[in-house]
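A.B. asks: Construct the complete structure from the given sequences, taking the supplied hints into account.
Chains as they are written, first to last, in the working numbering: chain G, 1 to 113; chain W, 1 to 111.
These are calculated hints, taken from the structure and not from any lab test.
No false leads were mixed into what you were given.
Below are the EDC-like pairs computed for lysine to aspartate or glutamate, each with C-alpha atoms no more than 20 Å apart in a straight line:
#1 W:K49 - G:E101
#2 G:K78 - G:E18
#3 W:K61 - W:E20
#4 G:K42 - W:D85
#5 G:K78 - G:D63
#6 W:K49 - W:E88
#7 G:K42 - W:D8
#8 G:K78 - G:E53
#9 G:K42 - W:E88
#10 W:K110 - W:D85
#11 G:K42 - W:D103
#12 G:K78 - G:E68
#13 G:K57 - G:D86
#14 W:K61 - G:E1
#15 W:K49 - G:E3
#16 G:K57 - G:E85
#17 W:K49 - G:E1
#18 W:K61 - W:D85
#19 G:K42 - G:D86
#20 W:K110 - W:E15
From a predicted model like this one, the values you see are computed outputs, not experimental measurements.
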Amino acid sequence: EPEVTQTPSHQVTQMGQEVILRCVPISNHLYFYWYRQILGQKVEFLVSFYNNEISEKSEIFDDQFSVERPDGSNFTLKIRSTKLEDSAMYFCASRLYGNTEAFFGQGTRLTVV
Amino acid sequence: AQSVTQPDIHITVSEGASLELRCNYSYGATPYLFWYVQSPGQGLQLLLKYFSGDTLVQGIKGFEAEFKRSQSSFNLRKPSVHWSDAAEYFCAVINAGKSTFGDGTTLTVKP
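C.D. replies: Structure below.
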């Protein structure tokens with residue numbers, strides 16, 4: 001069964017460093033998402049992406065965040081200068097055009113020290 | 001705006017007992033509703049979903065949920081809980097592909 005793949009599963013970075021979280025969505029999906037879950041809290045929407053541009057973003061998704069689909073398969077989330085409070089699990093999701101169900105990856109746990 | 005409320009932060013049940021986790025939603029049109037389970041440090045596993053049709057939906061691991069439009073609810077049930085069901089459970093509603101999650105309910109299973 002096709003699945004959304006995220007790498008790495010766990011990343012540790014120093015405060016102020018840039019990180020790139022990578023996702024490979026399901027191959028024929030057209031809509032892509034990033035969500036964040038701070039430890040012990042709920043899953044929060046960050047951004048949605050369609051047709052090579054951001055279609056919606058939340059208040060959390062400020063200027064230090066960016067997303068890109070650099071090639072036909074990857075979808076990345078970049079955090080330019082990480083802060084301690086960026087420590088969280090980040091989930092990527094994708095969905096097929098016309099299908100409202102989104103498929104989630106297993107997440108990347110980001111720890112900022 | 002859509003929203004999801006899970007009134008119970010933490011529920012403890014004995015192994016073999018029945019379980020009901022509550023979920024209330026706020027959404028203007030017919031909602032697309034989901035239940036996910038998450039073990040500590042792990043990803044989200046889809047238990048079941050409701051799009052339309054039969055209001056009682058069956059999921060994996062013996063779970064079921066009932067959509068009640070009159071009560072704006074989508075409660076998750078299991079007739080007999082196993083120790084391995086201990087986890088965090090999230091209800092979610094989808095609108096145009098964007099998911100809104102509830103705060104989650106932590107399930108503890110007593111031996």
